[in-house]
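Can you make the complete structure from the sequences, with help from the hints?
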Amino acid sequence: MSTIDTSISALNAFSTRAQVTANNIANVNTDGFKASRADLETGYGGQGVQVSSITQDTSTGPMVQSLLPVEDPATGRIEAEYQWVEGSNTDLSREMVNLMTTERAYAANAATIRTWDEMIGTVLDELV
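In this text, residue positions in the sequence shown follow my numbering: the first is 60, and each later residue adds one.
Take the hints with a grain of salt, since some may be wrong.
[Said to hold, decoys possible] Using C-beta positions, here's what the derived DEER-type ranges look like:
hint, residue 1, residue 2, range
1, Tyr141, Asn86, 44 to 54 Å
2, Tyr103, Ala170, 22 to 32 Å
3, Ile67, Val129, 27 to 37 Å
4, Thr89, Gly180, 12 to 22 Å
5, Leu151, Val182, 41 to 51 Å
Because the hints were derived from the structure by calculation, they are not lab data.
Just so you know, these numbers come straight off a predicted model, no measurement behind them.
Beta carbons: idealized from backbone N, C-alpha and C, even for Gly.
Below, the structure written as structure tokens:
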């Protein structure tokens, strides 16, 4: 696997990881939401990076009060009532650290591809 292939596989893996993290952050206030995690591993032949699995954290979230619609059986009217529900189990501080780490890794691999492209361009300019 060439340097460019290694970096491309890393870009794909870190892109997936960023999407999973962004979804967790977007749902931090969604009642009952379970955060997910993209696990990475070394690619085939010990080169590159790939997503090994996307797993859901099944731990319970905090109990929070939420305003929910409730139908009054006697009148059929729907009224809002506070009820205790399970909140999202997303740890926002951990997700922000994951996002920053993923962003740095993505940028490093993009820089590797950019440098490789510039080197190839220089070689081709010299040959022509």
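A quick look at each hint next to the structure:
no.	hint	in the structure
1	Tyr141 - Asn86: 44 to 54 Å	violated, 21 Å
2	Tyr103 - Ala170: 22 to 32 Å	holds, 24 Å
3	Ile67 - Val129: 27 to 37 Å	violated, 53 Å
4	Thr89 - Gly180: 12 to 22 Å	violated, 47 Å
5	Leu151 - Val182: 41 to 51 Å	holds, 47 Å
In terms of the numbered hints stated before, the structure departs from hints 1, 3, 4, listed from lowest to highest.
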